[in-house]
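As given, the protein sequences belong to chains Y and W, one line each in that order. Oh and the first sequence: position 741 is 741 in this note's numbering, straight run, nothing missing. Oh and the second sequence: position 22 is 22 in this note's numbering, straight run, nothing missing.
Derived by calculation from the structure, the hints in this document are not laboratory data. Take these hints with a grain of salt, some might be off.
[Claimed, not checked] Which residues of chain Y face chain W? A partial, calculated answer using Cβ under 7 angstroms: (1) Pro156; (2) Ala157; (3) Gly160; (4) Asp225; (5) Glu565; (6) Val568; (7) Tyr570; (8) Ala579; (9) Lys630; (10) Asp702; (11) Val708; (12) Leu779; (13) His780.
C-beta: ideal position from N, C-alpha, C; glycine also.
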Amino acid sequence: MTSHRLPVQPGELIDRDDLVDFRWNGVEHGGFAGDTIASALAAGGVEVFSRSFKYRRPRGILTADFHDPNLFVQVGDEPNVRAGHRRLAPGMNVTAQGTWPSLEFDARAANRIVGRFLSPGFYYKTFISPASLRSTYQRILRRFGAGGKIDPATPPAHAGKRFAHPDVLVAGGGPAGMAAALAASHRGARVMLVEENHRLGGHLLYGGPDAAPPLAELCAQIEADDAIEVLTDSVVSGRYDHNWVGVVERHGGEEHLVKARAKCLVVAAGKIERPFVFAGNDLPGVMLSGAVSRLINLYSVAPGTRVVVATANESGDAAIADLERAGVEVAEVADLRRSSSQLVRAIGKGKLEAVELSGGRKVEADLLVTAVGWTTPTSLLNMAGDRPVYDPAAARFLPGDLPQDVLAAGGIVGDGPVESIVEHGRFVGFEAGRRALTTRAAWQRLTPRAEPSDEVAAESTDIPELPAAGHPELFAGPTDGFVDFSEDVKGSDVAMAVAEGYDSMELAKRYTTATMGPIQGKLGGVNAVAVHAAAAAATIEATGTTSWRPPYAPITLGALAGVDEDPVRYSPMHDWHVANGATPIVAGQWIRPDHYGDPSREVLNTRSNVGIIDASPLGKIDLRGRDVTKLLDFVYTNRWESLRVGAVRYGVMCAEDGVVFDDGVTARLEADRYYMTTTSGGAGRVWNWLDEWLQTSFPTWDVRTTAVTDGYAAMNVAGPRSRELLERVASEVDLSAESFAYMNGRVATVAGVTDCIILRIGFTGELSYEVHVPAGYGLHVWQSLLDAGSDLGIAPFGLEAQRIMRLEKGHFLVGQDTDGLTKAHTAGVGGLIKVDKADFSGKPELLWEGESGAPRRLVALQPVDGSVVPPEASQIVDSATEVSRTIGRVTSSRMSPTLGRSICLAIVDTPYGEGGATLTVRLPEGRDIAATVLDHHVHLDPEGERLRG
Amino acid sequence: MADFQSPITATSEADLGSCRLRDESHLAKWRIWEGASGLALGTARHQGGSLVVAVSPAEWIVIGDKPNVDDVVDMTHVRAALRLTGAGARSVLERVCALDLDDSMTPDGAAARTLVAGVATELIRDDVAGELSYLLLMSRSFARSVWNRLEEAA
Chain Y
1 MTSHRLPVQP
11 GELIDRDDLV
21 DFRWNGVEHG
31 GFAGDTIASA
41 LAAGGVEVFS
51 RSFKYRRPRG
61 ILTADFHDPN
71 LFVQVGDEPN
81 VRAGHRRLAP
91 GMNVTAQGTW
101 PSLEFDARAA
111 NRIVGRFLSP
121 GFYYKTFISP
131 ASLRSTYQRI
141 LRRFGAGGKI
151 DPATPPAHAG
161 KRFAHPDVLV
171 AGGGPAGMAA
181 ALAASHRGAR
191 VMLVEENHRL
201 GGHLLYGGPD
211 AAPPLAELCA
221 QIEADDAIEV
231 LTDSVVSGRY
241 DHNWVGVVER
251 HGGEEHLVKA
261 RAKCLVVAAG
271 KIERPFVFAG
281 NDLPGVMLSG
291 AVSRLINLYS
301 VAPGTRVVVA
311 TANESGDAAI
321 ADLERAGVEV
331 AEVADLRRSS
341 SQLVRAIGKG
351 KLEAVELSGG
361 RKVEADLLVT
371 AVGWTTPTSL
381 LNMAGDRPVY
391 DPAAARFLPG
401 DLPQDVLAAG
411 GIVGDGPVES
421 IVEHGRFVGF
431 EAGRRALTTR
441 AAWQRLTPRA
451 EPSDEVAAES
461 TDIPELPAAG
471 HPELFAGPTD
481 GFVDFSEDVK
491 GSDVAMAVAE
501 GYDSMELAKR
511 YTTATMGPIQ
521 GKLGGVNAVA
531 VHAAAAAATI
541 EATGTTSWRP
551 PYAPITLGAL
561 AGVDEDPVRY
571 SPMHDWHVAN
581 GATPIVAGQW
591 IRPDHYGDPS
601 REVLNTRSNV
611 GIIDASPLGK
621 IDLRGRDVTK
631 LLDFVYTNRW
641 ESLRVGAVRY
651 GVMCAEDGVV
661 FDDGVTARLE
671 ADRYYMTTTS
681 GGAGRVWNWL
691 DEWLQTSFPT
701 WDVRTTAVTD
711 GYAAMNVAGP
721 RSRELLERVA
731 SEVDLSAESF
741 AYMNGRVATV
751 AGVTDCIILR
761 IGFTGELSYE
771 VHVPAGYGLH
781 VWQSLLDAGS
791 DLGIAPFGLE
801 AQRIMRLEKG
811 HFLVGQDTDG
821 LTKAHTAGVG
831 GLIKVDKADF
841 SGKPELLWEG
851 ESGAPRRLVA
861 LQPVDGSVVP
871 PEASQIVDSA
881 TEVSRTIGRV
891 TSSRMSPTLG
901 RSICLAIVDT
911 PYGEGGATLT
921 VRLPEGRDIA
931 ATVLDHHVHL
941 DPEGERLRG
Chain W
1 MADFQSPITA
11 TSEADLGSCR
21 LRDESHLAKW
31 RIWEGASGLA
41 LGTARHQGGS
51 LVVAVSPAEW
61 IVIGDKPNVD
71 DVVDMTHVRA
81 ALRLTGAGAR
91 SVLERVCALD
101 LDDSMTPDGA
111 AARTLVAGVA
121 TELIRDDVAG
131 ELSYLLLMSR
141 SFARSVWNRL
151 EEAA
């Protein structure tokens, strides 16, 4: 392959000493460090980079930068890489994407022949009926999609986000953006300067020898300024309320999101060169003037050998100078500023062969360069509420009214020599700095932790005008060509949409998909508007632009998702559980042992010897003050004023609607000090609940609540030998049945650790003690208990064994056996509802439920065939009627190792819940089984002899 | 009595390159409702051998000696304390915390209740001998998750 690499050009970005090898469609290629994928391939003579979306037309370089619609390639397993932007890296495996069977011969190019069928709305019109075939259509059409391939086996990347709080954020690192950043920094602002390309400089980078001195000067100043954070290869993806600005940092293929809260945003996005609409405008060999200047000046690549230039502005004139300097034969210059001069069509089969100019004159060429004007990248301004205004004299849209915290600088506003652009940027940056510092001072005054700063001068700077240069209104030639290269939409398609009645630009956009491809109309958006306006016989001003929405450029989902921020919680005994073979389960945010191998054996050992479970996630709240009893009386349904020091009581909390929302025990440790435990999942909810009532309804009560869940490692020592075990390690406490009875609590020393709290309660139905140990000593006490109980048959048990034991005992779990509609009577705790109390949360509803009768009730259920465990949520049905009716559901079910049979809790309609009744449970597979309702909730030891012993 | 067990096992100190992370959970911590009313909300101050922190109205966290007031709750085991020290501490924290940590908004002696790596945290700017340092207090059970995320962020 012939090399199109030129001799050394001043300002070239490539390092000729650093050769980089890579592959393109399986073939070895070489380039230099500093090359983009596209420049290296162009230097190697590659002309076709992709096939177009709809008609599979061969496509080559159009703009040679990030926004080139024809340069989407696959790199390794990364699809949609922009070859005009991505830098070459050693060993890159680059392939053309979405081609079938190959880039050179694409079978689907047959679409071109049937092109008339692919007019706007083709899919809507064709594949709408019959409905039965729609999924078949979908399968076939998917094959025709563009885009690359992803490997589902690729491991997920972790793209951490970061937060930033610049005073001034400058979007765009060209001369105006650099000058604005410097001026804002001189004013005292902290600045973030974001540039899409790999280097600062904007168009100065490829502006030829004259642009080099001012560029070097600006770069040196930026380099020397510590208050400016420069992010290159990064893009401002969106501007949201209060200048919340998303910035995507790209590092090769890895993207990171920066969430920036800027006090002032300066948009210095420059101008984007627009293509011209004419027949053959997408042939490989047809390029914009900017592409030519980039290829020659940045990468030292000759874009062709014989060129026709159609120019209407200084960018085209500069390209001519670049081409001449590069030794490319300039066959013809068509100056489109003169009305006699016309570009009619590009001619060629698969690539450019000749150009037809006015009067039917044909000029042979392998390169056609157009320079017909600009599309203004106003996206960020639109996101800030701006409606850009069309200026016919400049033939482009210009910024309209901007909010106080957004300013525009440089080429997006107007034109001029470098000095004028820099001066404009400087004034805008200075004013942006002033506004940002004013905001910062206001925020500091509002933030107590901040140090107040000096007042900022209120006087604003007058920003000098930067007028837009006059430019002919050139959008489309006399022939039909593409207005959107991404979506293969032609001028005639837009005109047809207008003819079919889509006279609103917004509707025509959606109908034709013009500006809806990956380039989002950044190149040819204004062309689509102009063609639409011409077809509708309207003006461009009246037609207006389509809406620009975030993101400005595509963001990977990985960057948006960031790192998983779901923190998990570990008990002080976690490492012991891991070392001793626990199977973990995530319960709420906690990592807990589900079991240590065999939950049934854990149950039997606890029932016959002694077991120990890590109950640290239990919610725990320290309550202090003279009015704690009043608070307990209000949030629990039962009575608390009679609770004496050293006693523990169980309580149920209901919301105002009478629905059970948590339960647990509270101990009175001292006269004005209580210790409340809640369900593990309810800890935060209950603490909020208590504080909410105190702050809103009872602000005068003397109560202080402290959430101390994490402060105590809790372990439940359960089983007939638990007292014997505890007596070996506890001191400062009399554990005898007489002095430390069931439902009592003591502060004690355990294994030498003072300030432990021991609660004698029985969730498992056994003689048991809940030992709460200051967390930093939790593992020590846990280990001490296990050591001391080795001859008593002690063994740990997990969550599953505890669930079985509580079900054997008939204790319900809030949220498992109750739901968002289960009031206290339904849950079967009517005895704990003291409606003669003056007031408590849920009282009116529970009074009503008590009087009118609960419609459903929680019951204990035992299948007649004890070997069948109906899965939880199995329906309970009344099959006596002709159509069986659901009358309840199983809420908990397990095989009881102690009883050797299946046991359940269930919610059933009240008339069916009488003790002794036989109900029908429908298993998920459809089979019905019979089950008997018990008189009470308890399957094991209803008299509580184990518990109270 | 047994040794205080760190919520971070295996290690209590990590070199994160540009800064150092240390577990200081063993420090005695107290919650009080009186006795520090001169301290502005959002600030922290060294008093005697203790650091007094004000991040919620009408209550304070004291790190150090037990305050001499009637009503005090021991938070030593409830709150873990992680200290991030060194020039790079801010850029590490910026990856997991949305607050503006610049000197102008969060100077030495500033304190805030915020989210760090998704966990409710009292963040205290508490420079040590002129070196940038942040003290982070969070519920003990979350400390290991936060520690790991800080290591990852660095």
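Comparing the hints with the structure gives:
The criterion of a C-beta within 7 angstroms of any C-beta in chain W is not met by Pro156 (chain Y), whose closest approach is roughly 14 angstroms, and the hint is violated. Interface restraint check for Ala157 (chain Y): the shortest CB-CB distance to chain W comes to about 13 angstroms, outside 7 angstroms, so the restraint is violated. A hinted interface residue such as Gly160 (chain Y) counts as satisfied when its beta carbon comes closer than 7 angstroms to some beta carbon of chain W; here the least separation is about 5 angstroms, so the hint holds. With its C-beta approaching chain W no nearer than about 16 angstroms, Asp225 (chain Y) sits outside the 7 angstroms limit, and its interface hint is violated.
Because the closest C-beta pair between Glu565 (chain Y) and chain W is about 4 angstroms apart, less than 7 angstroms, the hint holds. About 6 angstroms separates the beta-carbon of Val568 (chain Y) from the nearest beta-carbon of chain W, less than 7 angstroms, and the hint is met. Residue-level restraint check for Tyr570 (chain Y) holds (minimum Cβ-Cβ distance to chain W is 5 angstroms; threshold 7 angstroms). For the restraint placing Ala579 (chain Y) at the interface with chain W, the shortest Cβ-Cβ distance is roughly 11 angstroms, beyond the 7 angstroms limit, so the hint is violated.
Proximity of Lys630 (chain Y) to chain W is violated relative to the hint, the smallest CB-CB distance being about 18 angstroms (cut-off 7 angstroms). With its C-beta approaching chain W no nearer than about 10 angstroms, Asp702 (chain Y) sits outside the 7 angstroms limit, and its interface hint is violated. Interface hint at Val708 (chain Y): satisfied, since its Cβ lies 5 angstroms from the closest Cβ of chain W, which is below the 7 angstroms cut-off. Taken as an interface hint, Leu779 (chain Y) checks out: its beta carbon lies about 5 angstroms from the nearest beta carbon of chain W, inside 7 angstroms.
Taking 7 angstroms as the C-beta contact cut-off toward chain W, the hint placing His780 (chain Y) at the interface holds, the least distance being around 4 angstroms.
Of the hints listed earlier, those the structure fails to meet are numbers 1, 2, 4, 8, 9 and 10, in rising order.
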